[in-house]
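Colleague: Using the sequences and the accompanying hints, generate a full structural model.
Residue 7 is where the sequence shown starts when you use this note's numbering, and the numbers rise one by one after that.
Hint data in this document are derived by calculation from the structure and do not stem from the laboratory. Just so you know, these numbers come straight off a predicted model, no measurement behind them. Keep in mind that a hint or two might mislead.
[What the hints assert, rightly or not] Mimicking SDA-like on lysine to any residue, the simulated pairs with C-alpha atoms at most 25 Å apart in a straight line are:
#1 LYS44 x SER55
#2 LYS31 x LEU58
#3 LYS75 x ALA52
#4 LYS75 x ALA98
#5 LYS44 x LEU65
[Unchecked claim] Estimated spans, in silico, between C-beta atoms of each pair:
#6 ARG67 x LYS18: 19 to 25 Å
#7 HIS28 x GLY68: 33 to 39 Å
#8 ASP69 x ARG36: 28 to 34 Å
Glycine included, each C-beta is placed from N, C-alpha and C at the ideal position.
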Amino acid sequence: MAIEVHTVHQLKGNTPRTKLHHLYKTVCRRGINVHLTKDDILITPAVMSIMLQRRPEDLDRGDSLALRKLLGLRHDREASSCLGPVDEAFRADTRVMEDAVSLFYLLVGEKGEEDHSARPPS
Numbered sequence: 007m008a009i010e011v012h013t014v015h016q017l018k019g020n021t022p023r024t025k026l027h028h029l030y031k032t033v034c035r036r037g038i039n040v041h042l043t044k045d046d047i048l049i050t051p052a053v054m055s056i057m058l059q060r061r062p063e064d065l066d067r068g069d070s071l072a073l074r075k076l077l078g079l080r081h082d083r084e085a086s087s088c089l090g091p092v093d094e095a096f097r098a099d100t101r102v103m104e105d106a107v108s109l110f111y112l113l114v115g116e117k118g119e120e121d122h123s124a125r126p127p128s
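Modeller: As structure tokens, then:
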């Protein structure tokens, strides 16, 4: 079962921290996943686990070096000519991490201007 929400802006809370707190209560305590339909992100307990490992200051600063490095490793693995093609199992295993990274940047991007691209900086 999942609740469908169009954008991160429609999540309950006024700041990234309060939105994350309400997501935690919905996903982890109540056992209801949240699907952000516009960005096709399924927020599950696994995604929340990654999000809750971030320091609160990362949300305030609007960046997380650790999340950018994790996402970079995934992209490097996909683009590597030495390691062979990436199979669907690898993509599925890293989907949770990618969803967490995207959610983080959607949350912090939403606090500045509403129509920012929420993808991590290059």
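Colleague: Please go over all the hints and tell whether each is borne out by the structure.
Modeller: Against the structure, the hints come out as follows:
1. Of the pairs offered as hints, the one joining LYS44 and SER55 holds, with about 22 Å between alpha carbons and a cut-off of 25 Å not exceeded.
2. Pair hint LYS31 plus LEU58 holds up; C-alpha atoms about 12 Å apart against a cutoff of 25 Å.
3. Between the alpha carbons of LYS75 and ALA52 the distance comes to roughly 18 Å, so the proposed pair stays at or under 25 Å and holds.
4. Note on LYS75 and ALA98: the hinted pairing holds, with a Cα-Cα distance of about 19 Å set against a maximum of 25 Å.
5. Note on LYS44 and LEU65: the hinted pairing holds, with a Cα-Cα distance of about 21 Å set against a maximum of 25 Å.
6. The supplied range of 19 to 25 Å is met by ARG67 and LYS18, whose beta-carbon atoms lie about 23 Å from each other.
7. The hint said 33 to 39 Å for the Cβ distance between HIS28 and GLY68, and at roughly 19 Å that hint is violated.
8. The supplied range of 28 to 34 Å is met by ASP69 and ARG36, whose beta-carbon atoms lie about 30 Å from each other.
In terms of the numbered hints stated before, the structure departs from hint 7 and from no other.
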